[in-house]
Amino acid sequence: MDKIKLAQQVAWIAAGFALVLAILLIINYVQTSFNDPIENQTIPALVKRLSENPGDEALKAEIRAFDLMARKAYFTSQWQLRTGTYLMFLGVIISILAVRFVLSAKSKLNEIDSVEKVSELDKLVAQKWVIYVGSVLIVLALAAGLLSSNSLEKYMVNENLVVQEEQPAEIAVAENAEPAVAPEDSSVTTVDVQVAEIPVTTDVPVTNIETVAAPAPAGIPTLAQLKANYPFFRGAEGIGVAAQKNTPTDWNGAGGKNVIWKVKVPKSGYSSPIIWGNQLFVTGADAQVRMVYCYDKNTGKLLWEASADNIQGSPASAPKVTADTGLAAPTMATDGRAVFAIFGTGDVIALDMSGKRLWARNLGVPDNHYGHSSSLIIYKDKLLIQYDTNRSGKLLALATQTGATVWETVRASKVSWSSPILVNTGSRMELILTTNPNVNSYNPETGKELWNIACLSGEVGPSAGYADGMVFAANEYAKLVGIKIGATTEIVWEADEYLPEVSSPLAVNGLLYIATTYGVFTCLDAKTGEKHWEQEYGDAFYSSPIYADGKVYITDMSGKTHIVKATKDYQLIGTPELGEKSVCSPVFADGKVYLRGMNNLYCLGAK
Amino acid sequence: MRLIKRYFLLVSILLYMAVQSFAADPQQRFPKPEFDTGYIQPDTKAPSARMIFLEYFDVLVLLVVLSLVTWFVLKKRSRKGVFWISVFTLLYFGFYREGCICSIGAIQNVVLGIVDPTYAIPLTALLFFLIPLVFTLFFGRTFCAGACPLGAIQDIVVLKPIELPKWIQKVLGLIPYLYLGLSVLYVATKSEFIICRYDPFVGLFRFDAPFNMLILGALFLAVGVFVARPYCRFFCPYGVLLGWMSKFSSKHMTITPSACIQCKLCANSCPFGAIDEPVVETGKRRSNVNRLMTYFVLLPLWVGIGGFAGSMMHVPLSRFNQTVYLAEQIVEHPEVKNDPKNIDVRTFMGSGKSTEQLVVEADAIRNQFYWGGWLLGGFMGLVIGTSLIGLSKFRKREDWEPNRTNCLSCARCMDYCPVKKE
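Chains as they are written, first to last, in the numbering used here: chain A, 66 to 672; chain B, 311 to 732.
Simulated from the structure, these hints should not be mistaken for laboratory data. Treat the hints loosely; a few may be bogus.
Straight-line Cα separation of at most 27 Å, DSSO-like style, residue types lysine-lysine; simulated pairs [said to hold, decoys possible]:
#1 A:188 / B:390
#2 B:470 / A:171
#3 A:188 / B:470
#4 A:113 / B:651
#5 A:70 / A:322
#6 A:188 / B:703
#7 B:470 / A:70
#8 B:574 / A:171
#9 B:730 / A:171
#10 A:125 / B:651
#11 A:188 / B:706
#12 B:651 / A:544
#13 A:137 / B:651
#14 A:366 / A:322
#15 B:703 / A:171
#16 A:219 / B:706
#17 B:706 / A:70
#18 A:193 / B:651
#19 A:125 / A:70
#20 B:703 / B:730
#21 A:193 / B:706
#22 A:188 / B:574
#23 A:68 / B:730
#24 A:193 / B:703
#25 B:574 / A:459
#26 B:651 / B:557
To list a few chain A residues with every Cβ distance to chain B over 10 Å, as calculated [what the hints assert, rightly or not]:
#27 187
#28 218
#29 288
#30 377
For each residue, glycine too, the CB sits at the ideal point set by N, CA and C.
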């Protein structure tokens, strides 16, 4: 009998012990959940402070100490949980065994606590309940089915529409070679139409492109003409080298210093301006409309605006894009005869210099989770479009006059946000594209791939840089490479200290400039990749550096333009401020710089 | 004193097994420092596969255990023998083998082997699935009695059992069919092994599981003190198959070793409510027959409506499939593509697959769920319809007999029978 009492006491004590531990474990668990070291915001805050002041050794020590403390706390908590669990189980086991011992020792058959039973009645009640529960299950299933929406089916329906829209557009154009001319242009609002004259300046240095390339058909601008204007993203070749001279270095957008004009662009967009003659073009868009704006570059007067609407195949609702890309991220292109724009909807529009629509078509809504941002470039009479989406990668050449597809090259690429560059390598013209994983070169005449090198990874935003037979490509979390092209194409150097995420490399004068999203601007030796200097400006760079008149201009996201001499020694010329945030690259013409901020477009220079 | 020694021995063995389990702690996860510390992170090592002969050894152990339990139940009629075998099962298949491999989960391997020609089902998994079924077909559910670690851990905590009213037993008894249907559906659509994922006891066997699962296991055990073996009776999908086999078992255990003397001593001995009482027909025969005929007529209706309701559930049901879930996430919230913390989305983005491809793939899976929903719903309708028929059928019974479908062959009732073997 004593043994039974003892066992009963053991059972109670062990059960109580297990219960206390269970409560403690739950408290510990809740505590740990609320203080998850992985979600702790202190270390990221300290790390951010460190990034502002990388040399702060005391701060580094503080971070290390805090990190160590967080780890110790975490592992101690883990140890407590583990040990507590073992002890709790021990308590439970002892308690159960003690109870079983009591039951065995009493040698009593363990009858269950029975309920009163009436067999037939019980069966009838059970039948009722089975019917009730079965019915409730069916009603619940029907309700759940009716209330749940099948978003995939809706997406499929939308996608099918897109596919149907996309294919006829291309097939019709390709087969009939008919221009995809839009109906009589009702959307062009002529403000004060001025057809620009194409200035042909003779004092611009002319490279040997004319001697290499085939004679341009009538009306197709020469490189000299292109360089005299500012027809593409990052200049006449798309490599960030501007031919303009006497570029300004001092302005203040907020204070009005050297602000020749400033206008608010009606719709927002991150496309940089392009210039031909006296006309300056930008795009803007929102979920409802896609617009092309033409300004007088000398006065800032809005000459005309045109809406990219009523385009066959254009989606009824704009695709979802992120706020920092928007629907008007790609920069336009012009050949002096017409201007071309592409939007995040996949709409491409061609307008003559007076804003009259020449043609428009939709390339299929780009499946791009940030939004399409590859800018346009023109080779002779072909509008070249890098169209790398999540669905497929392709390079398109559309006839500038008709919009018909001249050729289309399917690319083994992932989605990208970079833009093509068009360079004369001395022996041929090459259209060079960056994407994940390749840097590709194509014949711009035929679309045939000339070479490719797999060297990039991730989400590629920066376009290629080019100078003196070398191509430069980079992406954050990947690497920076210098590729020598010629008889054989090969990577001659690699670096990974400073990598851009959005901004494109600029190569000029044997120097290579890289601007990063963590605010570092660096200059390397283009031939070797050796670093000449680095400057941490603090604000991120989304815009690309542009060379003009012996200087390199790079605008950070706060709107400050850092102007340095294009030399291997760091020589800061000035840091004029726009007075508003900017992600666009500076554009040059006639001794002036044109900069687009988040809201306004500025013409800056000596008045 | 002998009894105390025996329990001391059991505690020692349990502690030893537990310590063995602790040695296999999972690797702690903690982000690496953001700065260079000079510490070289060791390579992540995957545990090597279990040696093949040990896997066959497990099959051998299962065979031996099953044979011994069956022997104890049918020949020795010894509850003690069954209990100690189940303790061994708990230690070996539970704590030592950490609940894997198990016959319950093997259902999924078998289904996958049937639907996916590229999947070669491991022979051991097939044997673990088949051997208990074959034993049950001949000897009743002796597997449940002492060869299943999930049953064993619950059986040990049956300390103060109460009897549940019949209607509750019947209603809760529908759950294992639903669970079986769902587990087959999710395997057939290559979505998930839900039996393993939601095994409430595997976390206890391994001393490692998400907190919620540990709580679930502890709850099952806590409830199991009063409601005997709740998982076995009201959740176990393998129990459904075993029940079907056991119904036709040729040598099922009996409460009494010879003729029942109608002493009723065993009436309240079964904690699982698996003893059928003697029955004499009551009420009006005509109304009983009419009810039975109505249930027969309504059976196709239950199947049809159930199938339709199941098919309607295909959208919510398919959300447990990872591909469907990912596609819905990306379609409904495209901003997740920018979320660096969303590993699934990052992996998808890195795969080079387009959203459209993913959606088409997910839609095809959802279509499988549509037809699977018809089958699952139809099956549940059939289960409900046949339950009703079973409840309205009359079969004359003169003795106290174990219900062959539900009896777990634990041998408790034998101790209550005063009749001894002739």
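Comparing the hints with the structure gives:
no.: 1; hint: A:188 / B:390; verdict: 34 Å, violated
no.: 2; hint: B:470 / A:171; verdict: 15 Å, holds
no.: 3; hint: A:188 / B:470; verdict: 26 Å, holds
no.: 4; hint: A:113 / B:651; verdict: 19 Å, holds
no.: 5; hint: A:70 / A:322; verdict: 97 Å, violated
no.: 6; hint: A:188 / B:703; verdict: 10 Å, holds
no.: 7; hint: B:470 / A:70; verdict: 18 Å, holds
no.: 8; hint: B:574 / A:171; verdict: 22 Å, holds
no.: 9; hint: B:730 / A:171; verdict: 22 Å, holds
no.: 10; hint: A:125 / B:651; verdict: 25 Å, holds
no.: 11; hint: A:188 / B:706; verdict: 15 Å, holds
no.: 12; hint: B:651 / A:544; verdict: 23 Å, holds
no.: 13; hint: A:137 / B:651; verdict: 24 Å, holds
no.: 14; hint: A:366 / A:322; verdict: 20 Å, holds
no.: 15; hint: B:703 / A:171; verdict: 42 Å, violated
no.: 16; hint: A:219 / B:706; verdict: 58 Å, violated
no.: 17; hint: B:706 / A:70; verdict: 47 Å, violated
no.: 18; hint: A:193 / B:651; verdict: 51 Å, violated
no.: 19; hint: A:125 / A:70; verdict: 63 Å, violated
no.: 20; hint: B:703 / B:730; verdict: 33 Å, violated
no.: 21; hint: A:193 / B:706; verdict: 23 Å, holds
no.: 22; hint: A:188 / B:574; verdict: 21 Å, holds
no.: 23; hint: A:68 / B:730; verdict: 31 Å, violated
no.: 24; hint: A:193 / B:703; verdict: 15 Å, holds
no.: 25; hint: B:574 / A:459; verdict: 84 Å, violated
no.: 26; hint: B:651 / B:557; verdict: 52 Å, violated
no.: 27; hint: 187; verdict: 4 Å, violated
no.: 28; hint: 218; verdict: 7 Å, violated
no.: 29; hint: 288; verdict: 37 Å, holds
no.: 30; hint: 377; verdict: 21 Å, holds
Hint compliance for this structure: hints 1, 5, 15, 16, 17, 18, 19, 20, 23, 25, 26, 27, 28 are not met, and every other hint is.
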